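> Given these sequences and hints, build the entire structure.
Chains as they are written, first to last, in my numbering: chain A, 65 to 218; chain B, 803 to 1303.
Among the clues, some could well be false.
As the list claims (entries may be wrong) - Chain B stretches covered by chain A per the calculated footprint, using a threshold of three residues with CB under 8 Å from any CB of chain A: (1) 805-813; (2) 1197-1204; (3) 1213-1222; (4) 1248-1262.
These are calculated hints, taken from the structure and not from any lab test.
All values reported here derive from a predicted model rather than from experimental measurement.
For each residue, glycine too, the CB sits at the ideal point set by N, CA and C.
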Amino acid sequence: MPKQRRLVGELAFAVLMLALSLVIGYLAYQISGFSSINSAGAFPLGVSLIMLLSALWFVIEAIARQPAEATGLAALRQFCREHFPPQVLGFLGLAVAYLVGMNWLSFYPSTALFLIASMVYLRKGGVLIAAAVTVLTILLVYLLFTLVFSVYLP
Amino acid sequence: MSEALSYFTMAWFDLGLLGLTALGTFAGIYIGAIPGLSVTMAVSILVSFTFGWEVNQALALIVGIYIGGVYGGSRSAILLNIPGAPSSVATAFDGYPLAKRGEAGRAIGLSTVMSVIGGLIGVLVLASAAPIIGNLALKFAPRDYFLIAGIGLLLVGSLAQGSLAKGIFAAALGAIIGMVGMDPVTAEGRFTLGNINLMGGIHYVVVMIGLFGVAEALGMLHNMGVAPVKQKVDKIIPSFAMVMKFLPLSIRTSLMGTIIGVLPGVGGDIAALMAYDHAKRSVKKPTRPFGEGAYEGLVAPETANSSAVGGAYVPMLTLGMPGDAVTAVIIGALVIHGLNPGPMLMVENPHIFWFTVGNLALANIFLLVFGLMGIKLFAKLVEIPKAMLIPLILVLCTVGTYSINSSMMEVFWMLGFGIAGYFLKTFGFQMGPIILGVILGPLMDTSYRQAMSSVGDDPLAFLASLFTNPLSLILTTGLVLILLSNTPLMGLIKKRRAAVA
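Written out as structure tokens, the structure is:
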């Protein structure tokens, strides 16, 4: 049976998770050290040990697989293409702008802008339909959340 | 008894509760059916809106959505070959081939009736088993809770697709997230990095909305262009003879689904896959070969995933442990409303139990009505373009998160968890174990410390107590067996045996 190939970036991510579990282990140790088997930090320490062991395990699993097809810079490029395609990056950018913008614009205007912008962006056009859907959504959100659920919105 | 009956029928005769259950079931069917919207997502967002409601109203709506949503996934599985929810993955195996043969209407009708049968059997088991388990649970010691939670995390870690190591890692990560904040016993800060905002902990609805809402939406950006295939839908209501023909199989798979649902942490998705496998092995002469449109391949997963709902409520209402990701969220809803899910719930608030049982039964009846109606309109709704759905999901996630504490900080946390979840998913980590870890981690911490205190902080006495008490011994053995069956050791033993034979 031929060995499965690693995904691009899989080993790097596994090592990153290993590092994360080391950091969590350190933080768990900081809670109350090894002072008592029944301290605030005892169970967290145990959990972080389990994390560390399982992370080691999947790092080894990843190493045991055949290396990914691309290496070095080419791998980085492929990684970005696969996991950060333009639409993911673009949408995330819009999402952050939406949340930050909410502080100044308040909820409804920023939501309207975000919905129109992201729909136009994802569909590559169709401003009229996007505007219509946005108006409908805003109306529904107002009816449902402001009137029925009486949710306080930013 | 008459008291139980009056609570059981409470939602049946109260117009408001009746309406909410119906609304929930109806909405659930569509939420479950639209690929990308999941029941867990919907319930997580909803819990944050129903803070100010009365507990019965909130529960009625959530129960409806849960029942409707688990069923709804089957529709898109049959019509589009895209399971609307993880629990309907197995439904697509034979459902879509049936639709391609032009039998989509009959397939949907049959899966509706079978879901209702499965759902009612699940409710029946819940009503009869939960009081017994609840009584038994009063005798559970903290170490038993510790063991059961451990079994739950191990099960969900090992049964999730992919590697066991990743499953365990995800569950442990969840447990750490759940413990962020002030320690409930000593009031020391844990994992707060000195940040005062983190002393209150991370609200797990924030984590859930991030992992099940935002991460899901980001993942959907990858396959935007999948166009649905239009199917002809007619002859929806199945004949009585047809239902009777599959009744024996449906009872078997329903019981199977309920039992799998009872196991803490494992829910309808695993139940459906296992039931499909069971049908494949046990039915000698299927209507057609499995995978080519066998009705048996539709009946088995649909009964199992619906019956698992009733099962999942058993550990939740008796032990305060979630049977799956949705019940994990419902536990949160109960806590928010000042109730304490666990053995004392049955003693202190028996009405919640009987109300839930009655409500589940009612939701199943609504499912039968709505399931056999409006299929043509439905076929249009599931075709909603993802380019519109994804921004809508983000807006809903934002509103949901903000409504918990009116905190913009938490909204950013939610986005952060979403992005982290997106990466974890990319590399084969499941979201289910994380969320169960968030719920079960703090519970394990508390029960571990209570258990330790009860033996005077003596680790040897703690270990001994795991083996000397009969109940603890059974649980410990179970835990060890599950662990062993997932390690390479088991493979080696099997190989040895095969070699010897």
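> The structure should be examined with respect to each hint, and the outcome stated for every one.
Quick rundown of the hints versus the structure:
1. 805-813: Violated: only 0 residues of the region 805-813 of chain B have a Cβ under 8 Å from chain A.
2. 1197-1204: With 4 residues in contact (Cβ-Cβ under 8 Å with chain A), the coverage given for the region 1197-1204 of chain B holds.
3. 1213-1222: Check passed, 4 qualifying residues.
4. 1248-1262: holds (count 6)
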